[in-house]
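Go by the hints and put chain B onto chain A.
Going down the list, the sequences are from chains A and B. In terms of the working numbering, the first sequence opens at residue 611 and continues consecutively. In terms of the working numbering, the second sequence opens at residue 122 and continues consecutively.
Bear in mind the hints are in silico, worked out from the structure with no lab data behind them. Owing to the predicted nature of the structure, the values given are computational and were not obtained by experimental measurement. Fair warning: there could be bad hints in the mix.
With a Cα cut of at most 27 Å, we get these calculated DSSO-like pairs of lysine-lysine [unchecked claim]: (1) 163/B with 676/A; (2) 737/A with 851/A; (3) 676/A with 737/A; (4) 676/A with 692/A; (5) 163/B with 737/A; (6) 221/B with 836/A; (7) 836/A with 788/A; (8) 836/A with 752/A; (9) 851/A with 807/A.
Quick list of simulated restraints, FRET-style, between CB atoms [unchecked claim]: (10) 783/A with 202/B: 29 to 39 Å; (11) 788/A with 207/B: 23 to 33 Å; (12) 203/B with 770/A: 22 to 32 Å.
Just a few of them, taken from the derived set where beta-carbon distance is under 7 Å, the chain A residues facing chain B [to be verified]: (13) 687; (14) 724; (15) 735; (16) 801; (17) 806; (18) 833; (19) 835.
Ideal Cβ placement from N, Cα and C applies to all residues, glycine included.
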Amino acid sequence: MFRKWLRALFAPFLFAACTGSGIALPSQAPAPIYALDLSGQIDGVAWDGLSIGSSAPTHDITIVSKTDVNEFRVISCHRFLKFEDVIQTGWFRPNRGYEFTLSLAPGIEDTGQCPIRLQAYSKQLDKDGNPVGSAFGILIFKNSHYTLPAENICNGADGGSTGTSVCQSMAGLVERVKFSEQVIAANPANIPDGMPKPCQGKFIDAETFEYVMPTGECAIEFASTKAPHRFALHFAYGFNKIFYRGSE
Amino acid sequence: MFSTIWTFITAAFSMVSPYAPLITGVAGTLFGYFWNQYQQHKQRQQNAITTMAQDEDAHASDGAISVGDRQSIQAQDADLNQQLAAIDQQAAQNQAAQAKLRQPALKETKP
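If we strip away everything but chain A, and leave its shape as in the complex, we get (with noise of 0.2 Å):
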């Protein structure tokens, strides 16, 4: 009797309990994606938060960051480098910046199909007291499979690229690549589930496709439909979020 009266006052609670119905968990924002603002030199050129290195097999690679940085790191699909303590003092401070040698990994890093992501991590303060946040930049490097030229119009710019091109702009705004003859896209429905969709967009002529900036990266690979056929590789990185480093 007394069990059976236990069982009807808790019940209700065990209902509840179970059925998760009276928790409501809080709804989070996804996480911001910043423009990747890392700079430096890449064996002599210039490079500025998305960029392109040669096919060589090692590279001088200068990484200046816009604010003081206490742990570099370095990731490739193959490989993760940590530098701590690189940090510069010193009245002038001319450079945040680091210097290293990358010999990319033969077979698996120098395809042309891992990008390598820059890491600096920072927590110092600016001038106001805010933190200053951690700056990122992402390389890629060519290979001799991609040697088929276009044009990369991405962000107001319209540059030549050979083989492999790169464009950063603001997630959901409209870019294109042009070609000089009739290319074909890899299409989404053949990429096995579980790995990233190639950049979604469309053809609007027989030689140009057009996409959307996605929020984070895409890449898509282009081939020339005559014969002998050249390929292309387009990397996009799309970000809904800009540090401020004004006050730095």
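Just chain B now, with coordinates in the frame of chain A:
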């Protein structure tokens, strides 16, 4: 605790100087100001460390994203090669059909 010590110091100091309340008052105000500044700086520094940790967390999966990019590009490469093979085959068939059309019709010859 701090105010007790400060009251004791003020009382002791007033025995040797008539300006003790003024001097300790100014010193106390200054100390309070700088202590407050120090606490604010410490809090800001902690915020910066928290921001850095959040940045690290947000980019913890960057390696996996690079691997995903590579897999996707490789899959796209394979897909393009298949599409191109089909295009080439079609082109070869069209070419063969064209060549056949261009061949002159055989004339029937009478013995």
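Within 23 to 33 Å: is that where the Cβ-Cβ distance between residue 788/A and residue 207/B falls? holds (25 Å)
Taking the closest Cβ pair, is residue 806/A under 7 Å from chain B? holds (4 Å)
Against the 27 Å threshold, does the CA-CA distance of residue 676/A and residue 737/A hold or violate the hint? holds (14 Å)
Hey, residue 676/A versus residue 692/A, does the alpha-carbon distance stay inside 27 Å? holds (19 Å)
Holds or violated: residue 163/B to residue 737/A, with C-alpha atoms at most 27 Å apart: holds (15 Å)
Between residue 783/A and residue 202/B, does the C-beta distance stay in 29 to 39 Å? At roughly 31 Å between Cβ atoms, residue 202/B and residue 783/A fall inside 29 to 39 Å, so the hint holds.
For the hint on residue 735/A, just tell me whether its beta-carbon gets within less than 7 Å of chain B. holds (5 Å)
Minimum beta-carbon distance criterion (7 Å), residue 835/A to chain B: holds (6 Å)
Please verify that hint: residue 687/A, Cβ, nearest Cβ of chain B, below 7 Å or not. This hint holds: residue 687/A lies near chain B, its Cβ roughly 4 Å from the closest one there, short of 7 Å.
Starting from residue 836/A, check that the Cα of residue 752/A is at most 27 Å away, please. Holds, at about 22 Å.
Would you mind confirming whether the straight-line C-alpha gap from residue 851/A to residue 807/A stays at or under 27 Å? holds (23 Å)
Satisfaction of the residue 833/A interface hint, Cβ to chain B closer than 7 Å: holds (4 Å)
The structure agrees with every numbered hint stated previously.
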